[in-house]
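Asker: As a plain string of letters, each chain reads:
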Amino acid sequence: MEDLLAARLQMAVSLGFHIIFACIGIAMPFLMAIAEYKWIRTGEQVYQDLAKAWSKGVAIFFATGAVSGTVLSFELGLLWPTFMEHAGPIFGMPFSWEGTAFFVEAIALGLFLYGWDKLRPWVHWGTGIVVGLSGVASGIFVVAANAWMNSPAGFDWVNGQAINIDPVAAMFNDAWFSQALHMTIAAFVATGFAAAGLHALLLLKDRNNLFHRKAMKIALAVGAIAAIVQPLSGDYSAKDVAERQPAKLAAMEGHFKTSQPAPLIIGGIPDEEAEEVHYAIEIPNMLSFLAHGDFNAEVIGLDQFPRDEWPPVLITHIAFQIMVGAGFVMMAVGMVYLYLYWKRREVLFQRWFLWIVGLCMPLGFIAVEAGWTVTEVGRQPWIIYGIMKTKDAVSSMPGLQYPFYLFTALYLLLTAILIWLMRRQIITLSERYESASAN
Amino acid sequence: MLIDIVIFFLGFSIIFYVLFGGADFGAGVLELISGEEDREKIADAIGPVWEANHVWLILVVVILFMGFPKIYSTMSLYLHIPLLIMLVGIVLRGTAFTYMHYDAIKDKSNHVYNFIFKISSVLTPLFLGVIVGAMVLGKIDPNAETFYAAFIAPWFNLFAFSVGLFCVVLFTFLAAVYLIGETKNEQQKSAFIKAAKRINASAVVVGALVFISAQMNDLSLLELFYESWLAIAAVVLATAILPFLWKSLHYSQIVLSRGLAAAQVILIILAWFWVQYPVVINVGYGTESLTFYNAVAPQATMLQLVWALVIGSCIILPFLYFLMKTFKGKQFIDK
Numbered sequence: 004m005e006d007l008l009a010a011r012l013q014m015a016v017s018l019g020f021h022i023i024f025a026c027i028g029i030a031m032p033f034l035m036a037i038a039e040y041k042w043i044r045t046g047e048q049v050y051q052d053l054a055k056a057w058s059k060g061v062a063i064f065f066a067t068g069a070v071s072g073t074v075l076s077f078e079l080g081l082l083w084p085t086f087m088e089h090a091g092p093i094f095g096m097p098f099s100w101e102g103t104a105f106f107v108e109a110i111a112l113g114l115f116l117y118g119w120d121k122l123r124p125w126v127h128w129g130t131g132i133v134v135g136l137s138g139v140a141s142g143i144f145v146v147a148a149n150a151w152m153n154s155p156a157g158f159d160w161v162n163g164q165a166i167n168i169d170p171v172a173a174m175f176n177d178a179w180f181s182q183a184l185h186m187t188i189a190a191f192v193a194t195g196f197a198a199a200g201l202h203a204l205l206l207l208k209d210r211n212n213l214f215h216r217k218a219m220k221i222a223l224a225v226g227a228i229a230a231i232v233q234p235l236s237g238d239y240s241a242k243d244v245a246e247r248q249p250a251k252l253a254a255m256e257g258h259f260k261t262s263q264p265a266p267l268i269i270g271g272i273p274d275e276e277a278e279e280v281h282y283a284i285e286i287p288n289m290l291s292f293l294a295h296g297d298f299n300a301e302v303i304g305l306d307q308f309p310r311d312e313w314p315p316v317l318i319t320h321i322a323f324q325i326m327v328g329a330g331f332v333m334m335a336v337g338m339v340y341l342y343l344y345w346k347r348r349e350v351l352f353q354r355w356f357l358w359i360v361g362l363c364m365p366l367g368f369i370a371v372e373a374g375w376t377v378t379e380v381g382r383q384p385w386i387i388y389g390i391m392k393t394k395d396a397v398s399s400m401p402g403l404q405y406p407f408y409l410f411t412a413l414y415l416l417l418t419a420i421l422i423w424l425m426r427r428q429i430i431t432l433s434e435r436y437e438s439a440s441a442n
Numbered sequence: 221m222l223i224d225i226v227i228f229f230l231g232f233s234i235i236f237y238v239l240f241g242g243a244d245f246g247a248g249v250l251e252l253i254s255g256e257e258d259r260e261k262i263a264d265a266i267g268p269v270w271e272a273n274h275v276w277l278i279l280v281v282v283i284l285f286m287g288f289p290k291i292y293s294t295m296s297l298y299l300h301i302p303l304l305i306m307l308v309g310i311v312l313r314g315t316a317f318t319y320m321h322y323d324a325i326k327d328k329s330n331h332v333y334n335f336i337f338k339i340s341s342v343l344t345p346l347f348l349g350v351i352v353g354a355m356v357l358g359k360i361d362p363n364a365e366t367f368y369a370a371f372i373a374p375w376f377n378l379f380a381f382s383v384g385l386f387c388v389v390l391f392t393f394l395a396a397v398y399l400i401g402e403t404k405n406e407q408q409k410s411a412f413i414k415a416a417k418r419i420n421a422s423a424v425v426v427g428a429l430v431f432i433s434a435q436m437n438d439l440s441l442l443e444l445f446y447e448s449w450l451a452i453a454a455v456v457l458a459t460a461i462l463p464f465l466w467k468s469l470h471y472s473q474i475v476l477s478r479g480l481a482a483a484q485v486i487l488i489i490l491a492w493f494w495v496q497y498p499v500v501i502n503v504g505y506g507t508e509s510l511t512f513y514n515a516v517a518p519q520a521t522m523l524q525l526v527w528a529l530v531i532g533s534c535i536i537l538p539f540l541y542f543l544m545k546t547f548k549g550k551q552f553i554d555k
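If you read the sequences in order, they're chains A and B.
Letter by letter, the first sequence follows residues 4 to 442 in our numbering.
Letter by letter, the second sequence follows residues 221 to 555 in our numbering.
Honestly, I wouldn't trust all of these hints.
[Unchecked claim] Derived Cβ-Cβ restraints for the label pairs, each shown as a range:
no.: 1; chain 1: B; residue 1: Leu252; chain 2: A; residue 2: Asn162; range: 48 to 56 angstroms
no.: 2; chain 1: B; residue 1: Thr459; chain 2: A; residue 2: Gln48; range: 54 to 62 angstroms
no.: 3; chain 1: B; residue 1: Tyr541; chain 2: A; residue 2: Val171; range: 29 to 37 angstroms
no.: 4; chain 1: B; residue 1: Asn514; chain 2: A; residue 2: Asn162; range: 18 to 26 angstroms
no.: 5; chain 1: B; residue 1: Phe228; chain 2: A; residue 2: Trp345; range: 56 to 64 angstroms
no.: 6; chain 1: B; residue 1: Phe228; chain 2: A; residue 2: Arg348; range: 53 to 61 angstroms
no.: 7; chain 1: A; residue 1: Tyr342; chain 2: B; residue 2: Tyr541; range: 30 to 38 angstroms
Just so you know, the hints here were simulated from the structure itself, not pulled from any lab data.
From a predicted model like this one, the values you see are computed outputs, not experimental measurements.
For every residue, glycine included, the Cβ atom is placed at its ideal position computed from N, Cα and C.
Just chain B, same shape as in the assembly:
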């Protein structure tokens, strides 16, 4: 019971991080593709909620190390390098965005901030995906003899990078759909719509690449799917949404397309969850995989974690709603 509540909050935090933090990253990627002119729009859209969007990741980390310490320590040890790169991305991006926004003098330095902002907007989700890919793939070898086998091979492969790329594309898609509703300029709006459609199409292609690369790296992802009808249902549903999503984008139905895009992303995360539940890290090489159940912390700890999460949410969620309403509500009324 306690463990289910904690898993629920873990999933909840991951979903919120992807939906909000992910869209922030995507906005940076979008800038990289679309050029400079959207910068103000993007900065305005993410400014007030910027910090809050990224706290979700800290919740994920805290839930992991308090509730499932063995999962946290295993990731930290064998995926040290991709985690490190992701952290550099987080630092560069977080600081570049704020420094750019608050620099008292606007001059050539803006280009530097912007360059770092865009590059790290790609780097961070790419390596976030690489880490997820490595957790699924099962190439972690606790008895590895060489540095390469222990600390590089688990993540430096086609599959992990395909998941990374998929992550980048997915986040960019979220950002494009989100920004459609943030702009009043018709020309810009149609540019975002066009971008959203294109990126959505490339998400399908990269999604296929994930499956192909899995086969190439000896992971029969399809077989894993066969074992979980929930995972299949999630993927089928995510695909079934596509035509409706496209239609809503075409007619720029802002709320509907945002909802459908979010639903699609949530379904993909759920598919990932179900395809390996209760496993969290496929370790590989004959070593037992780490599941929620064999890595769980003692009962007393889980109870305190649940209290903190439940009471914390009762404080955070209404306050977060107030924040969103204060800064996002107005624009809907303006239309």
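Next up, chain A with everything else stripped away, as it sits in the complex:
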């Protein structure tokens, strides 16, 4: 295997693994805080049990995310030393703040997990909120650093060296806000639907289980609201990408030829040789509108770029379709949920709806992985857009496929163990709660 490919795959595996735990770390504390709030307010034991049960899952996921994050902070250098040597001083600033945010998160989580009996209820609840807020902050900082790779700012590139470095301008680059907003909301969609889906599947076995009912309602409410808001931030992101990275947008949309107006291509299989998308649905003028807010605007296609600066179109386009498709399904389910909750609450726990929610369980994380693929693969062949190519940044150590195999095996193993651990959590949970629902 070529070293560049191995390095890219290792980065993909590591980030793809870490992003799941990062999302859970962002959103789950708020779900726990809602449950704990209800417990403090109503005194109903089921809410405290729920917060505690969720917190066990969070502890397991957080530890996994912490170590996979530590790995990433080293991998940036292990795989891309040339990139880091130049980029470190420019885009290091959000990471230096992320250090603080992550530290606060770790401390607050320690207090939350072990402090049930040692802290007063509202103080304890507050530590949970701090976990969530610092998780959100961590996510924003890391995404701001990634955004800099898409929209480099805060330096001048002269003869292969960065001069006039301005870390503040680098951190607040043009892409940071749209990316951070989209990613943060995505964390709530993905986590909300995953938790709701899990409890819905468990409800299919025991429909009157009070514990799972409360759990599903809280998680789905959060996921639904986030899923309904998300397309707005997605639209904002797309317009932003159309301005800054027209090649990425063109790859996302499978838009080979510059045209005015441009049709929206839905689905299909892009063929880079023939420069067309097979089996796709076309909606005339729609891409012009989505990219520039004007049905007759010109949209730049891949033909405006030299062939060696094209992102891999097939992967980017399909990943984008998956993300948008999953997003719209979740938005629809979210709307149905809110409608039912508002008008016909008795239907919420009927089998058909539980099935729908259960099937949505992986959709949010599929969308997160696909969306991340869009942003990373869509930036290729650049590691710093327009400045440094990925192939020029890779480590000169030969044999990079072996670290890739090693970490892939390690993360597959951890994934298997995590699934197994969650199963064991759930088994003991239902044992405890079958009796409670009978009461």
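With the hints as your guide, set chain B onto chain A.
Answerer: What follows is chain B alone, placed relative to chain A:
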């Protein structure tokens, strides 16, 4: 000025990582030596502060790549393999500990977690030390022709592994001293005291091995020491503490022995710092060494780094104190 503040925070983070994260690793090593029965004690002691103890390492990495990018990239390139092994250790250990603690069903799987926990508790500090040793030794060759010369020889040698072993022993010692105060069981307490004394004695032996192996790998560590009176002072002081430390251990004066043990470890880290200051990586083979000053990032970056570190500490330290007080304060009162 800015660079001094950043160096201070770098040192501060390394010291805290060694004192707290190091003691966590040491606790795992101690389990490996002492058998199974202390597991609960150890898990209780490190549970709440577990995650926080390991964030220090991330701070070290961030300070390096933002403030001294050339140091970070050089380490990453030539010490790729030991860094990789250390990372595998960090992943295995962090997950095994938490999974063991939170697994809803306690059965035979506990033995597996525990086995991985113990092995990786040795592996991680060993390779952390190997990396430090390789940075001191100066066998990194930017013009190397072969894979072995470029990516293996810098760290695969007696000296680097002696430093690695020293690291393991030092961390274990910290853990033993720390755990004395965490147990109320008299029998267990005397076991920890005995362990602490033995490990401290072996630290002296392994420390000597570091000097001997340096000579064997053509590094005149003694000469380096002669050039820095601060480094000599640190080592002399660390040695002078020994009798007092032993006495405090003997009479199980918990706070005093913890303080002395911490002081000893801090002095050893300072000795390492001074013996090569301002050099961070001795590259070797006629290539200029990397110092804090020739690897430093531009002024604007250092200024932002200082802001982040100063403001960050104002947030983190009080909060960390609150965490320690919430979970550690009680036990002192109980006694």
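Asker: With reference to the structure, classify each hint as holding or not holding.
Answerer: Status of the hints after comparison with the structure:
{"no.": "1", "hint": "B:Leu252 / A:Asn162: 48 to 56 angstroms", "result": "holds (54 angstroms)"}
{"no.": "2", "hint": "B:Thr459 / A:Gln48: 54 to 62 angstroms", "result": "holds (59 angstroms)"}
{"no.": "3", "hint": "B:Tyr541 / A:Val171: 29 to 37 angstroms", "result": "holds (30 angstroms)"}
{"no.": "4", "hint": "B:Asn514 / A:Asn162: 18 to 26 angstroms", "result": "holds (20 angstroms)"}
{"no.": "5", "hint": "B:Phe228 / A:Trp345: 56 to 64 angstroms", "result": "holds (58 angstroms)"}
{"no.": "6", "hint": "B:Phe228 / A:Arg348: 53 to 61 angstroms", "result": "holds (60 angstroms)"}
{"no.": "7", "hint": "A:Tyr342 / B:Tyr541: 30 to 38 angstroms", "result": "violated (49 angstroms)"}
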